Structures are given as structure tokens and as C-alpha cells.
Amino acid sequence: MKKRGAALSMLLASEVVAAAIILLLLLNHAARWSSTERPYQAYLAKDMALVIDSLYSSPGGNILVNYTQNASNYTVSINNENVLLYRKGPEIDDISRKFVKTETDKVIAKPLEKPNKIQFAKIDNKIIIDNQIRINLNTLSCDKTEGESLKDKKILVDPGYEKDNIKPSNETCSIANSFIFKLTNVWVNYPNIFSTRNLHEYDEDEGILSINCNDPSKSDKSPEADVIISFRTGKDNDITNNNIKAFIVSGSGKEKESRKLACLILNFILENKALDDTKITGVSIVPFDVEATDKDFPDGIKDKIFVMLEIGNTESDDGKELLKKIPELGDPISKGFIEYGK
Amino acid sequence: MENKKIFFSKRGSGYILGKKPMYFIILLICLTISFILFNFAIMKEISSTTVIPDNLEMTILVNRFLNSPDCLAYQDNETGRTYSGVIDLEKFNNKTLEKCYSTEDGNLKAFKLTLESSTLDIPPKDDSNMKRNFILTPNWEAERYTQTPQYVLIYYKENFYRGKLLITVQK
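Residue numbers (numbering that gives the first Met the number 0), protein chains in the order written: chain A, 0 to 341; chain B, 0 to 170.
Chain B extracted, bound-state conformation (with noise of 0.2 Å):
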């Protein structure tokens, strides 16, 4: 009888008109909620379990950087051969990087490429184009990162430098 009075009043066609509709608003907004969240838990649970290597999807993308002679790799001319692992000290800025890690979206991996050379001035004294030993690309936004090194050689002015590559992820 307690409902009843919660529901219906003496005259329960007004009940019915003006305090419905407002039960059935919250219960869709709660309706929606669960369902969204529902949603949200269920994609979590996919992508969970599909879960590739954070590493592998790195190692993947900085190959690119270092095999690529669209990237940063060394491309000798005469032969077109590729020499993966020798960084190009010419193709070493940033609108080398944006044309061969062509993306904006910050939930794809976003990389710092920091290079330094106890043999070599980086970036050169003699190149007034570049101002920097770093270069980033078009998604680096800054936020959380972790940082690896790898050893690679540097090709400038017809000479090969030792080097070292420090791999910035953001993550």
C-alpha cells in the first residue's frame, strides 16, 4: 500500500501523466550509462586480450627509422643500396621524420629521437641547417615516456661516425 501511495494518487490518471515520464527519464539515463559503461567494459576486455608486445610494435616502428632510406637510413647513390642501422646526419630532422611517420594521432606511438656522437659534433658546427640533436615526431606530445638506447653508425660528408641513438616512447 506504501507503492501505492508512492504511484498513485486519489486521482491516478494525473499520477500516471506527471511523475511516468520522469521515472522513465532516469531510467533511461541509467539504462544508457550502464550501457556505455557495459560497453566500455566488454572493448577493455577485447583489447585485453589481443594485446600486442608493447616492445614488438617498437621494435617494428623504430626499424622503420633505421631500414627505411625513406626515413633516416643511408642510401648510397651510385648503387642504391640501403645501409640499415647507418643514420643519414642529412636526413636527420624533422621533415624527414613527418614524411615517413605520418601521423597526428596521439594514441598511435609517438617517438623522440635524440642522436649523440663522442666523434662527431651533433648537430655539425658546419651545418647552420641544423639546430638541434633531436627530432620528434608530429604526435610527440610530451607526456609519460620511457627511453632506450641503440648504437648505430652516423653517415656525414662521405664519413661513417659511431653513434648512439636514444629512442624516446611516449607512452
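Pulled out of the complex, with its shape left as it was, chain A reads as follows (with noise of 0.2 Å):
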């Protein structure tokens, strides 16, 4: 009786503690999923979830989103289609929900963890997940078609007209110069240059080919060039305004081109770091009709890969730091050039 009796309790006491693990893991893993950070969590992935939503929907341009809600307690990890909120592992108490993915807006995010700042932003066809997201807002959408290369094209320059002084403006023919200088630098061979103002001699020692900025008179050559880029300052009243304008020509049997090397050019100055101290409030590609504009451009530019660009404001006094920023000016805009065609 007494062997009998000890293995009754024996096996009541292994019962009971069978029971009571089972009761403790119980216990233990509903206080984990019914924690009140639990509802937060699954509606921090849904919410997220949903701003990416409403950037897929936005109908273009760039959009930057601070997103204000606290999410420094978790790991967020988003791929293309899910949002996924942690604590202490993927697949331990995540938290996930989905949004509905495009074939042509790219997700590009890396797992944050206890981010104190989530930034979701759309550029051009990319939605970027960071806590600190660095991007330029004014960036344009470039046709992603491919071009043929300007590097053997006969490249025309021209630093600007003026209607009562003859002479180019010392800011736009020094900018010109800047780019020529960069051009012919890295890229394009000198003799594919002409300018609609008379060029120094080609000096062969220092490799330097230039615009004389001191010559008053226009230039007799007047070859038929393949690419043709002015250099203007803009003048607007309203002093918060310091914008790059690139006009091209409407309806011209290049403007898709034209269009291109513009947008190329403009987000390479955006790029450049060097302009990080100036402002610059905006860009835009403006097409003009050449026949109903009494503005004074260079010949033969209808059917040519033409942009004139109009830069800074000489009213404003962020215009007027823009525009003495001469290599910071002419380097984007080679970039543009030999960007163009890749």
C-alpha cells in the first residue's frame, strides 16, 4: 500500500506541475499579446501601411512625409509589400500588414531600429523609408529613354544677349566659360565648341579654350551646331524668389531631347553640394514658343537641342550669391551634358 500510495502522489504531483507550466505559459503568452502596446503596434504597422498607400496615390512631384507617430520602441523592417513591427524579433512579436505594391514605384527602406524619426518620401519613381532622409524636393522627373551622346556633337555657347549693353553679362559669360572649361576638361574635344561670342585662341599649352567676355561684338562663326545651351539671369520682383528657369523650345522637332538634357542639368545643380549654402526656391522646365517671345535668342534653335537657362534672381540677394558661384554652376552643367546619352 505504501508503494502504491507514493506513486499516486508522485503522479499527482507531476500533474500538477505539468498543469501548472502549461497554466504559466498560458498566462505568459496572453500577457504578451494582450499588453497595451500590442493594439499600438499592430496600428503603427497598419497606419504605416497606409502612408505608403497615399504616396503611391499621389498624382507626381515630390513628396516628403515626417511621420509623426512614436515608433522608438520597435524595429520597423518594410519591404515591398509588408510593414513589419518588432521588439524583440521577426517572428516573436512581430506585427506586420500589408499595402498594395506598384510594378513601377520601387520601396528602397532598411530595417530602423527604435527609430526616434521615420521620414517616408516619394522621388521620382522611388519610395524612401529613413530617419533621415536627404533629398531635394525641387528634383525633377528625367525621361529615363535613352539619348544619343552629345560627346561628338558640335556644342554651341552662348552667354547671353543684353539689350543695352552688348556685352554679356559678366556673371552668365563667366558661368559660360566655367562650363566650357569643365566640358572640354574631361569630355568634349575643343573644336566642337563655338560660342555666339568670340572665343580666345585655343591655347594649346594650358588646354584652356574660352569665351573673350570683354569682346563686345557677336561672332561671325556661326556653325550648324547640334546642341545649343544660353546662359541668362532671371529678375523677378518677389526677393524670396531665386529659381532656375530652363526654357526649351515648344514644338520643336527636339524638344523631348531638349527636355531631357534640361532636366539633366537642373538636377545636377541640385545635386551639387557646393550649393548647399545657397537657396535656390526652385526649378522648372518651362516650354516657350519661340515665334511669341521678344526675348533675344541665338539663331536656327527650333529643331535643335536647345535650353536656355535662366539662373538665380539679380534682385534677390540669395540671386546674386547664386550667381557668383561660378564652378559650383558650370560643373553641374558639363555633368548634365555628359550624362545625357548614357
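Over the 10 Å line for every Cβ pair with chain B, so calculated as not near, a few chain A residues:
#1 LEU63
#2 GLN131
#3 LYS152
#4 SER209
#5 ASN211
#6 LYS217
#7 LYS253
#8 PHE296
Straight-line alpha carbon distances no greater than 25 Å define the calculated BS3-like cross-link-like pairs of lysine-lysine that follow:
#9 A/LYS319 to A/LYS181
#10 B/LYS94 to A/LYS105
#11 B/LYS94 to B/LYS170
#12 A/LYS97 to B/LYS43
#13 B/LYS98 to A/LYS97
#14 A/LYS253 to B/LYS156
#15 B/LYS98 to A/LYS125
#16 A/LYS105 to B/LYS98
Derived by calculation from the structure, the hints in this document are not laboratory data. Since we're looking at a predicted model, the values are computed, not measured. All residues carry an ideal CB built from backbone N, CA and C; glycine is no exception.
Join these two chains into a complex; the hints should help.
This is the structure we're talking about:
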């Protein structure tokens, strides 16, 4: 009897222990899942998925969203279809919510561990999620189709005409020279560079080609250029504006190519870190009717790749500052030419 | 003493080996079922506390169809400007919709978009590529649904027409 009694109590004890373990597991699980943080975690995941859905719904243009909810207790991991939030690890305490992707817009995101700040951005065809997005919202969406390289094309550089002062302005002429210098230094052969103004004799030793900014006369050499770029300074009575506009000929046989070149130039200007301390309020591409404008353009621009850059606002301090940044402007403009056709 | 009869025979060890495992198996099954039910109840409770209003989610998704140039919205090639709420009839096909609403997940909202116009034949008689006046998202299964109309403009061959988009959302 004693032996049987001992076996019985052992058995009951093991049952109690097993039941206690299972109960503890259940309670632990319940506590974990029913903690007040779980609904908030689920809410954050759904909310972020909706933010991404909203970005997909935007009609174009660049958007930056500063996410205002606090997600600093979680790791946020976003892929092409899901927002996943967890504290300890995926598949341990994660909650995920789906959003509906598109085939054109790609999600670029890395896992963010306990982020104090989250930003969502839609730039071009990219949806970027990070805690500190460094982008310029003025960046334009450029045509992705391949263009023919401009390396062996004849490039006509027009530093500008002034109505009452036949000399080109110092700023535009210097920018044009900086552009020519950068271009001939790394890419284009100097015989392919022409100007509406007289050029200095090419210096073989120094390898420098430049426009004679002090010569008021127009060049009598007017080649059949393939690409024409004009430089002008902008003027706006609203001194809060300091824009860069790229004028292209509307209805031109090369309108698409001109737009692409203008777009690349403007984006390279915006991306240039050397101009970070200069406030540029906006950039735009403006198609114009060449017959309906009173602006003075070089001859034969209609069916050429043509971009006229109107840089800054001479009425504003920011504009004046911008026009002093000669190499900082010449460099990105030349990069636009080099990038075109890649 | 009755219990003892149930759990123990005169040769107690035989009962321990014979009936206890069965008892534990049944117990384990019961516990698993209760665990799953418990889990499900908690998940449902969490979901219910974080429900996003149906209309909000639907509006965001419908905006995608009407606003995005990658979806149905008309975009001027010359200026690059997108006209929100103007449907480009040439984009009104399942292929475009699949590109801009790329999911086959039945748990996500599914849409059927029907376009009507009193001033334009839909599908147009001169467009053999367009066979019908409605398009479906890839996850459409035609179960329970609700329908709401929305007035839109339709762009077709450089002209604008008044139209109505019937938005059917699968529940």
C-alpha cells in the first residue's frame, strides 16, 4: 500500500507541475499578446502601410512625409509589400500589415531600429523610408529613355545678349566659360565648342578654350550646331524667389531631347553639395513658343537640342549669391551634358 | 474510491502505462484547441481596437486609380502635368490596373471599376483593343461587395468627356 500511495502522489505531483507549466505558458502568452502595447504596435503597422498607400496615390511630384507617431520602441522593417514591426525579433513578437505595391514605384528601405524619427518620401519612382532622408524636393523626374551621346556633337555656347549693353553680363559669361572649361577638360574636344561670342584663341599649352567676355561683338562663325545652350540671369520683383528655369522650344523637333538635357542639368545643379548654402527656391522646365516671345535667342534653335538656363534672381540677395558661384554652376551643367546619352 | 477505480487497477502500473498517455493526449489536444481559440480571440480583439475606417482605406486606394499617372490619371506628355480625376481612356485596361495595383492577396481590398458616359461610347467603337467598360484588380473574386459612383472626366483622343466611375469594392 505504501508503494502504491507513493506512486499515486508522485503522479499527482507531476500532473500539478505539468498543469502549472501549461497555465504559466498560457498566462505568459496572454500577457504578451494582450499587453496595451500590442494594439499600438498593430496600429503603427497599419498606419505606416496606409502612409505608403497614400504615397502611391500621389499624382506625381516629390513628397516628403515626417511621420509623427512614436515608433521608437520597435524595429521597423519594410519590404516591397509589408510593414513589419517588432521588439524582440521577427516571428517572436512581430506584427505586419500589407500595402499594395505597384510595378513602377520601388520601395527603398532598410530596417530601422528604435527610430526616433521616420520619414517617408516619394521621389521620382522611388518610395524611400529612412530616419533622415537627404533629398531635394525640387528634383525633377527625367525621361529615362536613352539619348544619343553629345560627345561628338557641335555645341554652341551662348553667354547671352543684353539689350542696352551689348556685352554679355559678367556672370553669365563666366558661367559659360566655367562650363566650357569643365566640358573640354574631361570630355569634349575643343574644336566642337562654338560660341555666339568670339572665343579666345585656343591655348595648346594650357588646353584652355574660353569666350572673350570683354569683346562686345557677336561671333561671325555660326556653325550648324547640334546642341545650343544659352545662359541668362533671371529677374523677379518678388525677392523671396530665387529660381532656375530652363527654357526649351515648344513644338521643336528636338523638344523631348531638350527637355531631358534641361532636366539632367537642373538635377545636377540641385544635387551639387557646393551649392547647399545657397537657397534655390525652385527649378522648372518652361516650354515656350519661339515666335511669340520677345526674348533674344540665337538663330536656328527651333529644331536643335536647345536649353536656355535662366539662373537666379538678380533682385534678391540669394540670387546675387548664386550668380557668384561660377565653378559650382559650371560643373553640374557640364555633368548634365555628360550624363545625357549614358 | 470511485476515482481510484477509474484510474487504477489492482495492477496499478499497468494502468499508468495504458491510460495515462491517452489522458495526456486528450488533454494536450484540448489545450491546443483552447490555446488556438484563446490566441484567435486576442488577435481579434487587437485588430478590433486598431480598425481603420473602411472609407478611409478605400478612399486612399481609389485615389491611386484617379490620381496616379501610373494608374488611370491622364498625364500631359508635353508638360508632364498629371490631371487628378481625369481618366485617360487608353489606360483603362486590366494591364494598367495590374501594374498600379499589384496584388493577388484576397485579404486586401479588391476593386471593379466600371466607366460610363452619356457623351462617349465605352468601349469606343473605333477602338478594337478595348472590349468592355469595366476593369478588375487581380485579386477580384466577386463575392460580397459595395458600390459607389464617382463623377470623373474622361480623356480620349485629345477631347474631354463627362463620365461616371462606378467603384465596386469587394468586402
